[in-house]
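*Asks:* Produce the entire structure from the sequences given, and follow the hints as far as they go.
2 protein chains.
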Amino acid sequence: MARPRTPLLDRERIAATGLQLVAEQGEFSVPQIARALGVQTGSVYHHVDGRAGVIELIRELVCELITDEALAADPWDRALEEWARSYRAAFAAYPRAIPLLMTTPVRAPKVLAHYERAVARLREAGFAERDVMPLLTALENLILGSALDLAAPEAMWEPSPETPLLAGALATVGPGRADAAFELALAAFLSYARTLLDGPSEPSGP
Amino acid sequence: MARPRTPLLDRERIAATGLQLVAEQGEFSVPQIARALGVQTGSVYHHVDGRAGVIELIRELVCELITDEALAADPWDRALEEWARSYRAAFAAYPRAIPLLMTTPVRAPKVLAHYERAVARLREAGFAERDVMPLLTALENLILGSALDLAAPEAMWEPSPETPLLAGALATVGPGRADAAFELALAAFLSYARTLLDGPSEPSGP
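Keeping their order, the protein sequence lines are chains A and B.
Start counting the first sequence at 22; every next residue gets the next number (my numbering).
Start counting the second sequence at 22; every next residue gets the next number (my numbering).
For the record, the hints were derived by calculation from the structure and aren't laboratory data.
Mixed in with the good hints, there may be bad ones.
One copy or two, it doesn't matter: identical chains are merged, so the pair holds either way.
16 Å max Cα-Cα, derived EDC-like pairs, lysine to aspartate or glutamate [claimed, not checked]:
| # | residue 1 | residue 2 |
| --- | --- | --- |
| 1 | K131 | E45 |
| 2 | K131 | E175 |
| 3 | K131 | E179 |
| 4 | K131 | E183 |
| 5 | K131 | D152 |
| 6 | K131 | E33 |
| 7 | K131 | E85 |
| 8 | K131 | E81 |
| 9 | K131 | E102 |
| 10 | K131 | D89 |
| 11 | K131 | E90 |
| 12 | K131 | E103 |
*Replies:* This is how it looks when you write it as structure tokens:
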């Protein structure tokens, strides 16, 4: 009698299972993925480059949600703005993946290609090469902080009679408090970035 | 024969054990705390207001690391700057606590008192009441995003021959890439906040 066909174990299913575990637990292990897929742990390792390889597959899945075309928009500040909104939405869908992905080196070719386009867009806009990574990282930090905040409750503080000023400030905040804070941070970032472009140009030559 | 004295089970030990679990796993459970302290789960519940109560104790422990006096500095932008640096350092020590604490309502009296002082400082500086929470939240998002980034490897991208622009931009970044991005984001935030103060004053009356 033929053995039942083993379930298809491809990189896509491994990635999707890993992402689901991270979404639930903030973590995953390769044996957990194997159990969820009903296969031996060793079989999973045949398809991926270790645990680090699974992290990169998960990174690719989340980053696929970022609208790549946003970076092509004109002018550059509209491009960054649209990219930031779509980036925040992608990670807001998987807030528990943020610490894992933020603290593991980026190796996924598709994601590196995405960074390459972001760097290209900033260089095209006229930013000095040395400003590009601080700008991108500062923007990512505010995006990812805001994505975590979007996963927070709307009523994030429970003021008491001892905190009347906090209560007053909270009372002026309408629905969408996380959006208001994100918009403020994004506006602050973009106006600062504009001043870097208006500044004196880099001295040429070594 | 006298039974051995049961280990002292106070809120401080529960908090410290909870924080240690969160630092290691990004999560904790009350039974885990009980096991770590060698007591019954029910005994832990006698000392705290459920799991939510433990989260607030953990929040107090982390927030104790924030220099409260920073907020008293003059002028207000120096106060926010020092507060932000100390806030980032506190959470950089416990990056895995960030998602848990960012997505649970703040109830700890000491932490609410800290927010009360931050709101008071911004109101004293002349910020409109309606701007206070968006400002504080935007600043916290960039602080916490940067704290996670500080826990990331110094070499966060592994560029390939397919990403020459990324490789070039990375080559210009010296040591302390996370600090450079944080300083940029903080400078951007503070200059934007200054423009809110310089703007037209609020119309008076309802």
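*Asks:* Given identical chains, is K131 near E175, meaning Cα to Cα at most 16 Å, within a copy, between copies, both, or neither?
*Replies:* neither (34 Å within a copy, 21 Å between copies)
*Asks:* Is it within, between, both, or neither for K131 and E81, if the alpha carbons may be no more than 16 Å apart?
*Replies:* within (7 Å within a copy, 41 Å between copies)
*Asks:* At most 16 Å between CA atoms: does that hold for K131 and E33 within a copy, between copies, both, or neither?
*Replies:* For K131 and E33, only the intra-copy Cα distance (14 Å) is at most 16 Å; the inter-copy one is 47 Å.
*Asks:* From the Cα coordinates, with 16 Å as the cut-off, is the pair K131 and E183 best called within, between, both, or neither?
*Replies:* For K131 and E183, the Cα distance is within 16 Å only across copies (10 Å; inside one copy 51 Å).
*Asks:* Is the C-alpha distance from K131 to E85 at most 16 Å within one copy, between copies, in both cases, or in neither?
*Replies:* For K131 and E85, the Cα distance is within 16 Å only inside one copy (9 Å; across copies 41 Å).
*Asks:* At most 16 Å between alpha carbons: which applies to K131 and E90, within, between, both or neither?
*Replies:* Within one copy only: 14 Å inside, 46 Å across.
*Asks:* Check K131 against D152 for me: Cα-Cα at most 16 Å, and say if that holds within a copy, between copies, both or neither.
*Replies:* Neither, since 23 Å and 39 Å both go past 16 Å.
*Asks:* Between the shortest in-copy and the shortest cross-copy C-alpha distance, which are at most 16 Å for K131 and E103: within, between, both, or neither?
*Replies:* Answer is neither; intra-copy 19 Å and inter-copy 39 Å both fail.
*Asks:* Can you tell me if K131 and E102 fall within 16 Å by alpha carbon in one copy, between copies, both or neither?
*Replies:* neither (21 Å within a copy, 37 Å between copies)
*Asks:* Classify it for me, K131 with E45: is the Cα-Cα distance of at most 16 Å met within a copy, between copies, both or neither?
*Replies:* Neither way: K131 and E45 sit 25 Å apart in one copy and 30 Å across, limit 16 Å.
*Asks:* Between K131 and D89, at a C-alpha cutoff of 16 Å, which is it: within one copy, between copies, both, or neither?
*Replies:* within (11 Å within a copy, 44 Å between copies)
*Asks:* Taking 16 Å as the upper bound on the Cα-Cα distance, should K131 and E179 be classified as within, between, both, or neither?
*Replies:* between (43 Å within a copy, 12 Å between copies)
This entry does not satisfy hints 1, 2, 5, 9 and 12, going by the numbered hints stated previously.
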